[in-house]
Amino acid sequence: MTSLRLNPKFALNPYLALGWHANPFALGEPVMAPSLWIDRGWSQAPVPAAQQLVQVLGNKGFGKTAHLRHWQAQTGGVYAYYPPGWGRFKVPPVQTIAYWDEADRIPAPLLLAALGRAARTRATLVVGTHTDLSRLAKFSGLAVQTIRLPPLEATTLRIWTERQIQAVRLPTVPCGVELSSATAHEITAIAQGSWRAAADELHIWAAAIAHQAVREGRDRRHPISQADLSLRRR
Amino acid sequence: MFEMHFHNKLVTVGNELSGKLVWYSPDLHLPRQASAFVYWYTEGRGDRDDQTIFTIPLQPEQLIRDQRVDFPFAVTIPHSGPITYNGSLIRVIWAVQAWVKLPRSSKRDHTQTWPFLVMPR
Amino acid sequence: MSTLTTDQLSDGRLIVPERVPEGFLWVDEKGAWSEDNFLGSFLFALLWCGTSFSFFAVWLFNFLTAPHVGTFLMLLFVGVFAGAGVGMIWKGLRWLKIISTFHPGEVLLASYPLRTGETFRLQFRRPLRRGYIQGLGEITAKWLCYEWVQYRQGTDTETRTHMLWEQDLPLMTISTGTQVVTYETKLTVLPEGPPSFDAKHNQVRWEIHISVDVPGIPQDTTHFRFAVVPEAV
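Chains as they are written, first to last, in the working numbering: chain A, 40 to 273; chain B, 2 to 122; chain C, 12 to 244.
Simulated from the structure, these hints should not be mistaken for lab results.
Because the structure is a prediction, the values reported are computed rather than measured.
Where hints are given, some of them may not hold.
Pairs of lysine-lysine, DSS-like flavour, derived with a Cα cap of 30 Å [what the hints assert, rightly or not]: (1) B:Lys10 to A:Lys48; (2) C:Lys211 to A:Lys99; (3) A:Lys48 to B:Lys21; (4) A:Lys99 to C:Lys102; (5) A:Lys48 to C:Lys211.
With the Cβ distance kept under 8 Å, some of the chain A side facing chain C (calculated, not the full set) [said to hold, decoys possible]: (6) Leu66; (7) Arg235; (8) Asp239; (9) Ile243.
Beta carbons are placed, not taken as given, at the ideal position from N, Cα and C, and that holds for glycine.
Using the sequences plus the hints, can you model the full thing?
What follows is the structure, encoded as structure tokens:
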């Protein structure tokens, strides 16, 4: 809630007070842009046509879809998402390389048939899944590589935050905002390892410091060293 | 392409926003399609919501090269708002947007947006 | 508290109140008997429990007659579904107990919609269908304003809330012999608070949550959502 008694420019957009054009954690910001990608050890896409299943295991929000999409941008190939409900009853596509997201939802007969077809055509399947599909894949004749995505931790969160901020910075305007280590730890604890839950928290954090800067009429040439996370709990 | 002249860039709900959209372009490529509207949209953590409140009458054939063309407009902002809002998860932004689609040879769409403030009564 | 848990969230609909001589009346539809809702839920629970309980019985029998790791793991697997079925039955019975004891909750306001800075009187009533309250009970209530957003990211639809303002209202005791549970309070819409905003994925909500806790009946919370127009008093 931005008061008009303050600069009307900031009433239109409080993030200008920080030298940003928007909240760095708003949806629709270029989170997937290559320059914003955070390497967590698996940035290189799997090799196509290798008669293998690469399964990415991890809890909700740990980055399974982000990895699948990042690799697909490198290799091409089809991407299929399996929703809950009746939408899961669709034949999984098999190409030189194919990406199946939420593959644990694929009904067993369709899954087995597609795995068999992938083995026969020497395809590479890359799947995001909550359950281990390695036994089925080996049974079908595919080699298996398992990637278990770890939960988000504070250091990575700080790097990610810095990159997201860089992406919304107005040119030529200095920006002194940084996520303190204590706040990063607090956010990762609240988010329980999930990137999207962390992004929710960071959005609130960024909104709070923007409003604080507007209220205080802060000169943005002076850095904000420590954002007050407790603002979120008013 | 367009210039925007608001008579009042700050308007309370239930009152009128008025202004003038001015076209001027020395460009050889005149638009094949054009539209302009007053709308609000959301930004933030939620998926985007938006609503057009008023469409400014504007035809591409009215956009003539090297000639200034005025498109005055006036629209009453609904009593129910929404108002301009900068929250923790949500922003509500009011704006006038003009959009032109240029001929295929130039392969360009051109969008311009001018935000304004809507306040409670 | 910066966020609401799933249980604390209202269903989110902004209901148009009924105009009555005393003002504006809201009736909590969730607390009312609905044959369509009941039949749908009943048939789903029947199908779920029938299937999961049968599988569980079969694998329990297999495990008891020939115990080994494989049958035990299978028993655990079907046990999860059977457990969900038990949860469904428990929730259903709880709901039946509440709606067979109480009529739906109602809220009455003298004027509506609300304006920022406005102070108003709210009356809540929830009559018993029959009999009276035995033992002492209590009503607790909260008046709150929060942001609610929904977004799709990755492959999931996420819902997130952020509390902007929250006020615990005075607790009231329900005495033995009560036939109509009533609660009356004075509330103020925060003058600097935001008006309501009601879009599909983004909302600013003003709500009152009223919990009725009486002996022998599961605690039940009724949510009422009000529109606050962008107009100061």
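We went through each hint and held it up to the structure:
Our distance criterion of 30 Å between C-alpha atoms is met by B:Lys10 and A:Lys48, whose separation comes to about 11 Å. Pair hint C:Lys211 plus A:Lys99 holds up; C-alpha atoms about 24 Å apart against a cutoff of 30 Å. This hinted pair checks out: A:Lys48 and B:Lys21 have alpha carbons roughly 21 Å apart, not beyond 30 Å. Distance hint between A:Lys99 and C:Lys102 is fulfilled; the C-alpha atoms sit about 26 Å from each other, no more than 30 Å.
In summary, the hint linking A:Lys48 to C:Lys211 is supported, as the alpha carbons are separated by about 28 Å, within the 30 Å threshold. With 8 Å as the threshold, the beta carbon of A:Leu66 comes within range of chain C, its nearest partner Cβ sitting at about 5 Å, so the hint holds. Among the interface hints, the one on A:Arg235 holds; its C-beta lies about 5 Å from the nearest C-beta in chain C, closer than the 8 Å criterion. Look at A:Asp239: its Cβ gets to within about 5 Å of chain C, closer than 8 Å, so that hint holds up.
At its closest, the beta carbon of A:Ile243 sits 6 Å from a beta carbon of chain C; the interface hint therefore holds under the 8 Å criterion.
Going through the hint list in order, the structure satisfies each hint without exception.
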